[in-house]
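> These protein sequence lines are chains A and B, in that order. Start counting the first sequence at 0; every next residue gets the next number (numbering that gives the first Met the number 0). Start counting the second sequence at 0; every next residue gets the next number (numbering that gives the first Met the number 0).
Rather than coming from a laboratory, the hints here were simulated on the basis of the structure. Ideal Cβ placement from N, Cα and C applies to all residues, glycine included. One or more hints might be untrue.
[To be verified] Some chain A residues near chain B, calculated using beta-carbon distances under 7 Å:
| hint | residue |
| --- | --- |
| 1 | P21 |
| 2 | S94 |
| 3 | A102 |
| 4 | R103 |
| 5 | D107 |
| 6 | F108 |
| 7 | T125 |
| 8 | V128 |
| 9 | P131 |
| 10 | H132 |
| 11 | L133 |
| 12 | Q181 |
There are 2 protein chains.
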Amino acid sequence: MSVISKTKSPRIRLVIAYDGAPFAGWQSQAGGDAVQDAIEKVLALITKDPIRLHGAGRTDSGVHALGQVAHFDAPAESRMRPADWQRALNGNLPSSIRILRAARAGNDFHARFSAKGKVYRYDLWTADVLPPHLSQRAWHMPRPLDAAALQAALQLFVGSHDFHAFTANRGTPPGDTVREIQKIRVTQSGPSLRLTFEGEGFLYKMVRMLTGAGIRVAQGRADIATLRELLANPRAGRWTNVAPADGLYLVRVRY
Amino acid sequence: MSVISKTKSPRIRLVIAYDGAPFAGWQSQAGGDAVQDAIEKVLALITKDPIRLHGAGRTDSGVHALGQVAHFDAPAESRMRPADWQRALNGNLPSSIRILRAARAGNDFHARFSAKGKVYRYDLWTADVLPPHLSQRAWHMPRPLDAAALQAALQLFVGSHDFHAFTANRGTPPGDTVREIQKIRVTQSGPSLRLTFEGEGFLYKMVRMLTGAGIRVAQGRADIATLRELLANPRAGRWTNVAPADGLYLVRVRY
Chain A
0 MSVISKTKSP RIRLVIAYDG APFAGWQSQA GGDAVQDAIE KVLALITKDP IRLHGAGRTD
60 SGVHALGQVA HFDAPAESRM RPADWQRALN GNLPSSIRIL RAARAGNDFH ARFSAKGKVY
120 RYDLWTADVL PPHLSQRAWH MPRPLDAAAL QAALQLFVGS HDFHAFTANR GTPPGDTVRE
180 IQKIRVTQSG PSLRLTFEGE GFLYKMVRML TGAGIRVAQG RADIATLREL LANPRAGRWT
240 NVAPADGLYL VRVRY
Chain B
0 MSVISKTKSP RIRLVIAYDG APFAGWQSQA GGDAVQDAIE KVLALITKDP IRLHGAGRTD
60 SGVHALGQVA HFDAPAESRM RPADWQRALN GNLPSSIRIL RAARAGNDFH ARFSAKGKVY
120 RYDLWTADVL PPHLSQRAWH MPRPLDAAAL QAALQLFVGS HDFHAFTANR GTPPGDTVRE
180 IQKIRVTQSG PSLRLTFEGE GFLYKMVRML TGAGIRVAQG RADIATLREL LANPRAGRWT
240 NVAPADGLYL VRVRY
């Protein structure tokens with residue numbers, strides 16, 4: 000049951016899009032150049048008080064978001080409505096970060112812990128020259144790539160698996176690296192290839208490692224048996240080919 | 000007849016795309032931050048000699064190109080093939096400028112004087128929030144716009160007219176401001192509106208002024224009779240509403 004308190008601090012849920020290129024990822028950095036820092040800075044400007052923003056998940060430096068979700072607790076005395084927060088934030092944020100929606104949430108809603116699933120997409124450009132408007136927004140791979148072979152290779156990852164060999168997260172306790180992927184789709188339009196991953200959650204750098212793995216197989220530079228072996232014996236080795244951040248987009252968080 | 004000389008300097012024709020946001024337009028500037036400057040700098044780096052690049056036309060600061068055309072004369076002793084020029088240029092240019100094609104041209108080809116027509120497009124975003132990935136790439140107009148009314152208003156400009164009232168070019172001799180527009184199309188996809196202009200040539204700021212005029216009429220903030228009057232008596236007044244550079248793209252040059 001969702002509880003909207005009338006006396007406690009009102010919890011506000013944001014849907015956020017950002018161009019990842021100019022930022023050091025989602026999560027707060029010492030240098031202050033993360034997306035979270037930029038938004039918290041504006042929140043503090045509005046409320047004159049530090050406010051902590053909780054995101055659904057981290058995105059790495061350079062990774063984009065079309066629908067990141069985050070929440071914060073507004074000061075109890077605040078009379079701002081969600082639309083006021085959206086307007087005040089967009090009015091003060093750089094144009095590379097936009098609040099797409101703001102809504103009141105129950106105080107039991109948590110952007111990270113309430114999340115049921117995520118959708119990521121990975122964009123590739125497979126012709127000789129990367130159009131300037133796709134610079135830092137797609138992985139440039141100046142050779143044709145067999146979309147059907149890529150789609151076939153990636154199906155190996157669909158289902159519930161221990162992805163320990165496909166994350167840069169070291170030291171995770173055994174069992175904590177099991178995730179379920181519901182769907183992986185490859186669509187092609189001319190030299191543009193788009194990979195879509197739907198799952199309950201993804202480990203650190205997992206989408207970029209699965210993308211790298213699928214592409215290596217599609218190129219004939221890796222054997223599908225190697226990937227199968229890494230899924231079956233997730234602590235016997237580790238996949239090392241990580242696709243660059245440029246092409247990755249957090250599309251949506253499901254609740 | 001196209002003459003490809005074997006003894007004279009080989010003329011090279013380039014098709015160029017650029018993200019206009021970081022540049023002070025196409026044409027060379029004192030500060031050196033024009034697209035032409037960036038390319039000429041790389042040409043000089045390759046040949047160790049200054050080389051003059053001739054573009055099909057200027058684009059203003061912030062205006063984008065998907066298919067600008069330019070030519071230059073390579074040193075007579077150069078043994079570089081067009082593909083070599085393309086590779087060397089793309090290898091040294093910022094990723095915001097790309098040479099899409101390079102080809103040998105006859106010595107009678109001139110990027111500007113041989114041009115028979117141009118296609119421009121103007122992108123608008125008509126919803127509340129401009130997605131960050133469209134920042135500096137579309138005109139943000141946070142209100143719905145009637146695409147049919149816009150299409151109807153813009154049809155007034157199709158045909159051969161004296162566009163003196165719709166250019167920022169002052170002091171042009173009478174008669175020199177006659178241009179023929181073959182086609183203007185408006186397409187809509189959700190909040191995204193795209194205007195396409197095809198014509199033999201366009202005067203300084205003309206596309207942005209026609210766009211501004213069409214939109215004012217579609218919004219009910221200007222009367223179509225005013226535009227008709229400015230076409231009929233091109234020196235009786237001047238249209239002043241200029242759409243911003245962000246949404247404008249030089250799509251193609253026809254020869």
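> Against this structure, judge whether each hint is valid.
Hint check results:
no., hint, result
1, P21, "violated, 10 Å"
2, S94, "holds, 4 Å"
3, A102, "violated, 14 Å"
4, R103, "violated, 18 Å"
5, D107, "violated, 28 Å"
6, F108, "violated, 22 Å"
7, T125, "violated, 15 Å"
8, V128, "holds, 5 Å"
9, P131, "holds, 4 Å"
10, H132, "holds, 6 Å"
11, L133, "violated, 9 Å"
12, Q181, "violated, 26 Å"
When held up to the earlier numbered hints, the structure conflicts with 1, 3, 4, 5, 6, 7, 11, 12 and fits the remainder.
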